[in-house]
Amino acid sequence: MKRRITQLHPFTVLCLAVFTVAVATAASVWWLSCAVIVMCLAIGAVAGKARKLAALSGAIMLPTLLSLLMIHGLASRDSSPVIAAWGPISLTRGGAEVAMMLALRTAVLVVVGLLCGLLIDKHQLVAAIDLSPAPPQAGYLLASTLFLLPQMMEKQHAIGEAQALRKAGTGRGLAGWLQRLRLRAVPLVLSSVQDAHDRSVHLAARGFPARGEHSRLRQVADSQIQRGVRWVALLCSVLVPAAILVPFGGAA
Amino acid sequence: MSPNLLLPEASAAQLLRRRVLGAAGTLLLVGTYLFLVITQPTGIVEGLGQGVALATFAAYLIAAVLLLLAVLPDLPVSALTLIPVALALNIILGQFVGSVMVPLYLDSIGTVLVGFLAGRRAGAATGVLSTLIWSLFAPTVLPFAAGAALVGFLAGTAARYGALRRPYLAPIAGLVAGVLVGVVSSPVAAFVYGGTSGVGTGAVVAAFRSMGDSLLSAVTKQALISDPGDKAIVFLIAALLVFALPKRLSGSFEFIRRYKVLGKSGNK
Numbered sequence: 299m300k301r302r303i304t305q306l307h308p309f310t311v312l313c314l315a316v317f318t319v320a321v322a323t324a325a326s327v328w329w330l331s332c333a334v335i336v337m338c339l340a341i342g343a344v345a346g347k348a349r350k351l352a353a354l355s356g357a358i359m360l361p362t363l364l365s366l367l368m369i370h371g372l373a374s375r376d377s378s379p380v381i382a383a384w385g386p387i388s389l390t391r392g393g394a395e396v397a398m399m400l401a402l403r404t405a406v407l408v409v410v411g412l413l414c415g416l417l418i419d420k421h422q423l424v425a426a427i428d429l430s431p432a433p434p435q436a437g438y439l440l441a442s443t444l445f446l447l448p449q450m451m452e453k454q455h456a457i458g459e460a461q462a463l464r465k466a467g468t469g470r471g472l473a474g475w476l477q478r479l480r481l482r483a484v485p486l487v488l489s490s491v492q493d494a495h496d497r498s499v500h501l502a503a504r505g506f507p508a509r510g511e512h513s514r515l516r517q518v519a520d521s522q523i524q525r526g527v528r529w530v531a532l533l534c535s536v537l538v539p540a541a542i543l544v545p546f547g548g549a550a
Numbered sequence: 010m011s012p013n014l015l016l017p018e019a020s021a022a023q024l025l026r027r028r029v030l031g032a033a034g035t036l037l038l039v040g041t042y043l044f045l046v047i048t049q050p051t052g053i054v055e056g057l058g059q060g061v062a063l064a065t066f067a068a069y070l071i072a073a074v075l076l077l078l079a080v081l082p083d084l085p086v087s088a089l090t091l092i093p094v095a096l097a098l099n100i101i102l103g104q105f106v107g108s109v110m111v112p113l114y115l116d117s118i119g120t121v122l123v124g125f126l127a128g129r130r131a132g133a134a135t136g137v138l139s140t141l142i143w144s145l146f147a148p149t150v151l152p153f154a155a156g157a158a159l160v161g162f163l164a165g166t167a168a169r170y171g172a173l174r175r176p177y178l179a180p181i182a183g184l185v186a187g188v189l190v191g192v193v194s195s196p197v198a199a200f201v202y203g204g205t206s207g208v209g210t211g212a213v214v215a216a217f218r219s220m221g222d223s224l225l226s227a228v229t230k231q232a233l234i235s236d237p238g239d240k241a242i243v244f245l246i247a248a249l250l251v252f253a254l255p256k257r258l259s260g261s262f263e264f265i266r267r268y269k270v271l272g273k274s275g276n277k
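Taken in order, these protein sequences are the chains called L and W.
So for the first sequence, our numbering puts the first residue at 299; every next one is plus one.
So for the second sequence, our numbering puts the first residue at 10; every next one is plus one.
Everything labelled a hint here was simulated from the structure, so no lab data went into it.
Hints may be right or wrong, so weigh each one.
Within a straight-line C-alpha distance of at most 20 Å, the following computed DMTMM-like cross-link-like pairs (lysine to aspartate or glutamate) qualify [unchecked claim]: (1) L:K350 with L:D419; (2) L:K420 with L:D493; (3) L:K453 with L:D520; (4) W:K256 with L:D419; (5) L:K453 with L:D493; (6) W:K256 with L:D520.
Short derived list, chain L residues pointing at chain W, Cβ under 7 Å [to be verified]: (7) T310; (8) L314; (9) L439.
From the three backbone atoms N, C-alpha and C, an ideal C-beta is built for every residue, glycine too.
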């Protein structure tokens, strides 16, 4: 089961995610949103990523929920009963319900999006973009960023250690923080821009971006069924929300 | 960097296709923004609310992707190799700033840097790509792709018209860019998410709401407080980083040479 999930074509996973988010947002009923979140956690558990998914989702959703409670719960202008009051500030039932509904709507996007990020293999995604009709530059940019990120993180860490070793940027307060930012950012940016410049010379010499058919070492498993699922999912992402939201035949 | 001599030039049909894609993206973005601001749909949770949220999300995201597809094939290789560095810088410097509880985002330094060095098209592409890649780790940023594109576009425009010829002009350009970006991004925060995702910014929106403002008005005022200051600092930092680059390196970008971005002394 785990192998089947992780071996899906990256675009199939993304299309199913678009469909799920579109339908759950259009329906905006609490039980459907909760069902989607539980289903995602279950899929995450099967893929062995449930703990990471829950932690990442919680880190994004907790401040969002607090923010929505402040905006709609505390600053609500409706006349529903007061749940709690702290001096001049009060939390109304109607306001809390609005905040919870909006938080659930956002939670569906967050959990589904993060699950996609955890399930999709980055190498497969790059290969799938390269094999698609998208401009060849798109695959290069995604691949390059995903592989440069850990390298630059390491470089930034090494620069920080080197500056600490020569006892530079040890000041406190805002001035010390600004000095640390400068001492890390300047060498990092200078060396990275130099590297990018060197790379551009080599890439241009090799005739990048390559046009036309070319062979790829990594192939992405795909099937007629998956292609069909993608089209149906995309079509339903438009039709199902339209059927839910547009009042047909005097339903309004 | 001179254009590649071995590859065929883009055909007229390809150029037309890119122009159509760019125009469609811009029209979609402007049309959605004007529709939201003029109609100010109410009831963000029930009825029309879900439709508005979905339509805003989809329109802003599709507009950003169309603009990216229009711009990407035109970018020179020197800009293409710089963009991944900028995306990584956005994430690394954004995380470094976020780790010390300073009330700033500073997560668009890389985007502005590309705008300054490689022009507004490259800057806009960096903004969209930065959001798309960052959404793998934080999906809520996805509909803000158009706002991020605007940051890069405005950075390139500011550099083209001389914002880097005097150090004090860069933060002024950042202030102006912050106002525009705040205004364009606030409908997404208001109609897609019903507010903001940060506790501090949420408190500011709640304060404006309790004073009787509509949600869109409160979110826009909060954005006008946060964004101009943030972008002014980002533009200043990016400008200082460009000034710190060796002239041999900054001068290797055609945009810098063509528009005399760093003034006469910077183009030697």
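Can you list which hints this structure breaks, lowest number first?
Those not satisfied are hints 2, 3, 4, 6, 7, 8.
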